[in-house]
Each structure stands twice: as C-alpha cells, then as structure tokens.
Amino acid sequence: MTNQAEGFQPRIVVFACNWCSYAGADLAGVSRIQYPPTTRVIRVMCSGRVTPGFILEAFRLGADGVLVTGCHPGDCHYISGNENAVVTVDKTGRLMNVLGIEAARLRLEWISAAEGARFARIMTEFTEQVQALGPTALKDTTL
Amino acid sequence: MSHVTMTQNEETRVGVFVCHCGSNIAGYVDVAAVTAYARTLPGVVFAQDNMYTCSDGGLTEIKTAIKTHALERVVVAACTPRTHEPLFRDACREAGLNPYLFEFVNIRDQCSWVHRLEPEAATQKAKDLVRMGVAKARLLQPLEEQEMPVEPVALIVGGGMIGMTAAVNLASRGFQVKLVEREPELGGMMLRLDKLYPTQDDAQPLIQQRVAEVRRSKTIEVFTASTLHAIKGFVGNYDVTVRDREGRLSSFKAGTVIVATGARVFTPHGMYGYDGERVVTQLELEKQIADRRLQIANCNLQPAVSNLKRVVMIQCVGARIPERPYCSRICCTTAIKNALELRELNPETEVYILYRDTETQGTRYEAYYTRAREAGIQFIRYSLDHPPQVGEGRVVVYDELLGAKLGIPYDLVVLSTPLVAQEGAHELAQMLKVPLDEHGFFLEAHVKLRPLDFATDGVYVAGTCRWPSHLEETIAQAYGAAARAATILTKEHVTSSGVVARVDESLCRGCGRCVEVCEFGAPALVEVAPGIKVARVNPVMCKGCGACASVCPTGAMAALHFTDGQVMAMVRAALLNQK
Ligand SMILES: Cc1cc2nc3c(=O)[nH]c(=O)nc-3n(C[C@H](O)[C@H](O)[C@H](O)COP(=O)(O)OP(=O)(O)OC[C@H]3O[C@@H](n4cnc5c(N)ncnc54)[C@H](O)[C@@H]3O)c2cc1C
Ligand code: SF4
Ligand code: SF4
Ligand code: SF4
Ligand code: FES
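First to last, the protein sequences are chains E and Y. Reading the first sequence from the start, the letters are residues 1 to 143 in the numbering used here. Reading the second sequence from the start, the letters are residues 1001 to 1579 in the numbering used here.
Note that these hints are calculated values from the structure, not bench results. In this text, a Cβ means the ideal position worked out from N, Cα and C, and glycines have one as well. There may be inaccurate statements among the hints.
Partial pick of chain Y residues on the chain E-facing surface, computed with a CB cut under 8 angstroms [unchecked claim]:
#1 Arg-1108
#2 Asp-1128
#3 Thr-1241
#4 Asp-1244
#5 Cys-1545
#6 Phe-1562
#7 Leu-1575
Label-pair distances were calculated between CB atoms; the ranges are [said to hold, decoys possible]:
#8 E:Leu-133 / Y:Glu-1527: 29 to 39 angstroms
#9 Y:Glu-1472 / E:Ala-104: 36 to 46 angstroms
#10 Y:Leu-1117 / E:Pro-73: 32 to 42 angstroms
#11 Y:Ser-1506 / E:Arg-94: 28 to 38 angstroms
#12 E:Phe-8 / Y:Lys-1067: 43 to 53 angstroms
#13 Y:Thr-1241 / E:Gly-74: 26 to 36 angstroms
#14 Y:Lys-1533 / E:Leu-133: 42 to 52 angstroms
#15 Y:Glu-1183 / E:Gly-74: 22 to 32 angstroms
#16 E:Arg-94 / Y:Thr-1241: 21 to 31 angstroms
#17 E:Ala-103 / Y:Arg-1116: 29 to 39 angstroms
#18 Y:Val-1396 / E:Arg-94: 50 to 60 angstroms
#19 Y:Pro-1553 / E:Phe-8: 49 to 59 angstroms
#20 Y:Gly-1276 / E:Ala-104: 35 to 45 angstroms
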C-alpha cells in the first residue's frame, strides 16, 4: 500500500473458530464496535484445525501478524481442539524463532461468542503491537 | 467481463453476489466497486449486486444465474454465515447445485459495521474478503450428507426425580426408555429429604409416587445398582452397555441420551467443629427431623429435636469462597425450610440463621423469607472477614449490621453446605464426550440458545447435575430435556453434516494419531490386509472439527470443506498484493 502518509498498515491474518471467536467477531459488528481494518478473518470449525503450515505460509507471503482465536479453555465445541491450538502455536513460535520472525507477531487468544468487545479490543491491540514491530522481514524466504 | 473464462481448460465457473443489505453494507462499502472487482477474479464468470440477497427476489436471482450462467460455485458476500448460510445453501440445492459448493463472505458483521468511519478501507477489505472467498470456492467439492435410521429408545442416566420425570414423560409419548440408576433404589436426593420448600409439602409421597409410575410403566426398563459401562455411536444410534454391581453386563441400542445424575452435598470435614452430632449439615438435620416425626407418630416418644432450645445455622459453609465461588442456591431456602420445621415442632426453639446474603429471589421465595422472619427466625449477617466461631456450647459471631460481637448458646449447629459435582461425573462426561464446567457440573451447549442440549447432538442434560437448583426448575428441565430428546426419537432418520473428515487410504500409514486426537471416536483403524491398517472415518460420528487433519503426518486425512488446500488458498488470497 502507498500509505507513507498514514503510517504503516499491517496485514494480519486471523483464524477464528466457528463456534466462539467467529461469533464474537460478529457480535463486535452487531454492537458496532470499531476496530482497525487491518485484519482478514479465515473461518475454521475449530482453532485445533490451524496448522503450523497455515501460519508459516501467511508469514512467508508477507503477513505482518497472525492471530489464532478460539473458545476459552473448557468451552471448545469439540472439547479439546483449543488445547491442540496451544501446542500448534507453541511449536510454530519456535519455528518462527529459527526463521527470525519475532514471536510477538503470532498470538493465540480466547474469545467467546459473547465477547464482541474483547474481539475488537484484541484486533486493535494486536494491530498496534504489529505496527510497533514494523513489516515482517524474513531471514530466508524459501521456507 | 462475464464469459471470459477458458484461460484454463476446465476453469470452475464461479458466480458472486454482493449484497447491499439496504444501507447496512452499501452505506459504508462501495458495493458496485466490489462487484466490479469480483468480475476480475479468476474463475468468476458472473457477478451482480443485490439490494437484499436473502429476499425472495435475491434468492430467485441466484437460482436463475446458476442455470443461465451454468454456475458451478456460488459466493455470496453479505451478512454472516452464522445466520444466513442455510438459506443460500438451500437456494443452491433447489437450483440443482450441491449445497456445499456455496461459500459465504462476511462483509457486514465483520466489515461494514466495524469500519464505519473508513469507507475506503472497508471497501478494500471487502474486496480482499471476496477474493479470499472466491479462492476457496474454486476448490470446494460437493459433499454428501448421510441419512441414518433412529433407534426410538431413550437412555436416561440417573434415577432421581429428574431422570424419572423425563422417563415417565417419554414413556407417555410412546417411547422405550432405559433408566440407569447407580444406587439400589430409585429416588436420588429426594429420598433423604423431609419437607419441601416453598410449600412445606412432604417429600416422600411425591418421590414415591414417581417411583411407582416408573415401576408401573411397561415401556421403562429400570437398571438399578448399575452404571454405564460403555457407550459408542452417535445420535440416533448408540450401542450402550450397562454394568450392575455383580459385574453383569446388559447391552441395548438407544437413539438419544439424557444425563440426570444429580449432585452431592459437600461434607464440611474440619469446618466449624463438624462432627455429625452436635454440628450437622442441613441434609443430616432433615433426617433427624424426619426420624423424630416418625417416632412421635409411632410411639408417642418425647421428640429430642423439639427439645432443642437454640439452633444456630451457618450459611455458605464451603460456598462463595475463592476455591468454590458459586452460590449453591438451594441452601438459603433449605435453611428457612428446616428452621420453620423446627419452630413447628416446638415453637419455643430459637433459630438463628447466620448468613452472608440471603438468596431467595423471585416472588415465591422472597415471600418465603418474609414468612421466616414473621415466624421469629433470627437472621444475623456475618462476613468472611469475621467468620463465626463455633466453641463449646456457644457460637460467637460478629453481626455486620449491628457492628457488634454476639455470643449465642446452642444445642445444635447446622451447616448449610453447597451441592457439589456428583461423584463419577468426570468419567461419565468422558464416556459421553460432553463437557463439564470448572466446578464439575455438566456444561450445556449454550446457556440461552440451547440450555438443555450438549454440543454433541442427541445428548441432553437436566437437573442438579447441570447446576444446583430447586425442584421447580429441575422438574421443568426434565420435561424440556424429554421434549428435546423426542425431537430425535420422532424422526425416522437423522441427517449428518457433509463437513466431515475423510481419509485418503493410499496416503495413510495407520499411525493412529487421528484416532488419538478425535474426541468423538469417529476415526478407527481397520485392517485392510494382514498387518496393514488404515484409518477410516465414520461420517456420522465425525463433527468436522478438523483436529485429525491437523495432526495427520502424511496428509492422508482431509477435513472436508476446510482442507489444507482450501485454507491455504484463503491465506494466499488474503496476502496477494493489495492496491
Ligand atoms: C439438603 C437439600 C434440601 C433440598 N430441599 C429442597 C426443597 O425443599 N425443595 C426443592 O425444590 N428442592 C430441594 N432441594 C433440591 C432438590 O433435591 C433437587 O432439585 C433435586 O432432587 C434434583 O434431582 P435430580 O434428579 O437432578 O438429582 P438427584 O436427586 O441427585 O438424582 C440423581 C440420581 O442419579 C444417580 N446417579 C449419579 N451418578 C450416576 C451414574 N454415573 N450412573 C447412574 N446413576 C447415577 C444418583 O444415584 C441419583 O439417584 C434440596 C437439596 C438438598 C441437597
Ligand atoms: S443477505 Fe444478509 S446482508 Fe444481504 S440483505 Fe439479507 S441480511 Fe442483509
Ligand atoms: S474432524 Fe474432528 S470429529 Fe471428525 S474425525 Fe477428525 S477429529 Fe474426529
Ligand atoms: S493420522 Fe493420518 S496417517 Fe495416521 S492413521 Fe490417521 S489418517 Fe492415517
Ligand atoms: S470450537 Fe472454538 S476452539 Fe474448538
């Protein structure tokens, strides 16, 4: 984007589980809570569907941040999918370290269907966090 | 614009419909620009905008376009799939297109409504989202739904008031019921109660009448001193094995399950000098009162309970504290009930209720509290900063309202303790694949939209196993759960979603990771040749969460509708250079 004047507009990929976080994102809309237009949501049935491959592909293609969102512990529609997401995000964080991508560019957040305000707040906070880091610079783009 | 395809030999023909939603979307997003942009995307052979895509007219336009433009995929950019996806899927189905060849792009709830001050950025985001949706749509595959016959039998776990009430109700609708009770006797908690608030009715006639109804019913089969040994299957088709105390197993089929296993009373070991004699729980007091009443009636004895001069009740013992923060709800009304009974047995008995807050909400229960005050029962407020001290013959309490310390001599101290999770709830939850909350009570699918359902189809919950509550509420839940179960039992078939996992057997090496990770028992290893195992997924048991596909090391397991290829296509589309 040609937005030197506006400052750096990060590109953030958000994975949202169908049952909690995607519903929370909808609720932010229903409540008309505003947040920066920096995020692009990809709906998955469960946060446990997200793989390191999805996340790393996003970074390889220049994502400045990736958010994985799911139901709070104990609330996963599939019982333990969000526990798998914890493992995935941990593992991916370590791989990012090797690739020289700051760990702070990847975040895992629990957002329930009732937490529209929380969804919007996390989008805003994460955007600011990634803005502070600047664009992703990969050490080696041939992952 | 429209018919420029053929760049690739068999490019999938995608149609895109961009909704104005009146001004809900069009007020902030340049819908015409998004529609024009959609026409430039690979695969898109047709795009149009609609004032209201979900209206009759809008749906007709989709169906017409499917036919006239030979559309193979349909993308609607509009509100949210959570409310409108079924409608558009049906439109596709009616036009002869497999409903899973439809993709929803959310440009209202997650775009126009949340970027109202930035129309340009909102329009750009809507374009990106449409590009992502189209990228996925091109890779969608037709999916099949499965029809499975329903076994018209209900399994009810727990033979307390609630399990029995649900059983009688379902039997009266003509269904077979299998009722499994862990104890040798039916009845549950109510067997141990004396009177019932808020009416002071006797508990025993009520519960014994229900037991008799169950015993009389020809369609209810009762398994007492028995527990669930194993359950396999899915909505409409469970294989159940029950085990009795001698280890004998019985097996049967069931179409639906109701969990009504109740709760247990917290025993206050080591608190306030609890000894089960001079310091007892409310439940123990109920038994003392009932026993005495029986003795008075039978042998004209001098009733010991009614000789009590002073009784001190302490509320919230082990409840509303950091380690158990919830309110058990039944204890305040139970204390009032038993206090009234003590005064009834002997109007000279003084009863002091030391409380933190009285939880007697609602028209009936607040009146009940007033009645207790009018009956001369003393309410003294304490706080956790100065909990009452139970000493030899005296309870010392700091009265929050008076601001002074009081010493109350007592003959009996009664501790009001909360209902806590039933023993074995955890094992049962794991067996049924349903969740518990942090306190060990069963957790429903949605507190408002699906209060008696579990997220697992065909499994329902009622009674104090869900949370502590009065009979008035738990009995209503029993009728509700029975009605929910009947929605399955009355059907000849259940349809399962096409969004399931599927194994490419040529890639599977039988490692079993998918079997381990699946919470629903859907994948199983089968021996296809001597020593060679592959995973197969039962599509009816599969919930389509995709966890198995995420852990599969070979890529053999595909989470249909959210395949690696489809999700990756969205990731790539999201990050294509933006203008
Ligand atoms: C001291 C006290 C006083 C009360 N007084 C009143 C009152 O005056 N008025 C009022 O409205 N409410 C009162 N209540 C609340 C009332 O008792 C409950 O609302 C009601 O009994 C709940 O019924 P239930 O069937 O859900 O549970 P329960 O009565 O607990 O029945 C559950 C049954 O399931 C069985 N079970 C448990 N686990 C398994 C398993 N794994 N497999 C098979 N079976 C199993 C148990 O053995 C039990 O028989 C009181 C509660 C207490 C504790
Ligand atoms: S399809 Fe959705 S966005 Fe379009 S008019 Fe209907 S409700 Fe509004
Ligand atoms: S998609 Fe989920 S429910 Fe289906 S088999 Fe895989 S892990 Fe089990
Ligand atoms: S995880 Fe993959 S390879 Fe292993 S058994 Fe399951 S489908 Fe086969
Ligand atoms: S469904 Fe939300 S995290 Fe599993």
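Evaluation of the interface hint that places Y:Thr-1241 against chain E, nearest CB under 8 angstroms = 22 angstroms, violated
Please test the hint of 36 to 46 angstroms on the beta carbon pair from Y:Glu-1472 and E:Ala-104.
-> This hint is violated: roughly 53 angstroms between Cβ atoms.
Restraint check, 8 angstroms cut-off on beta carbons, for Y:Arg-1108 near chain E | 7 angstroms, holds
Status of the given 42 to 52 angstroms range, CB of E:Leu-133 versus CB of Y:Lys-1533 | 47 angstroms, holds
Hint status (Cβ of Y:Asp-1244 to nearest Cβ of chain E, threshold 8 angstroms) | The hint is violated - Y:Asp-1244 has no Cβ within 8 angstroms of chain E, the shortest such distance being about 29 angstroms.
Please test the hint of 26 to 36 angstroms on the beta carbon pair from Y:Thr-1241 and E:Gly-74.
-> The hint (26 to 36 angstroms, Cβ to Cβ) holds, given that Y:Thr-1241 and E:Gly-74 are roughly 28 angstroms apart.
Chain E contact restraint on Y:Leu-1575 - CB to CB distance below 8 angstroms | 4 angstroms, holds
Hint check for E:Arg-94 and Y:Ser-1506 - Cβ pair distance inside 28 to 38 angstroms | 32 angstroms, holds
Mind checking the hinted window 21 to 31 angstroms against the Cβ distance between E:Arg-94 and Y:Thr-1241?
-> 44 angstroms, violated
Y:Asp-1128 as chain E interface residue, shortest Cβ-Cβ below 8 angstroms | 6 angstroms, holds
Does the Cβ pair E:Leu-133, Y:Glu-1527 satisfy 29 to 39 angstroms?
-> 52 angstroms, violated
Satisfaction of the hinted span 43 to 53 angstroms by the C-beta atoms belonging to E:Phe-8 and Y:Lys-1067 = Holds, at about 47 angstroms.
Violated hints, in rising order: 3, 4, 8, 9, 16, 19 and 20; the structure is consistent with all others.
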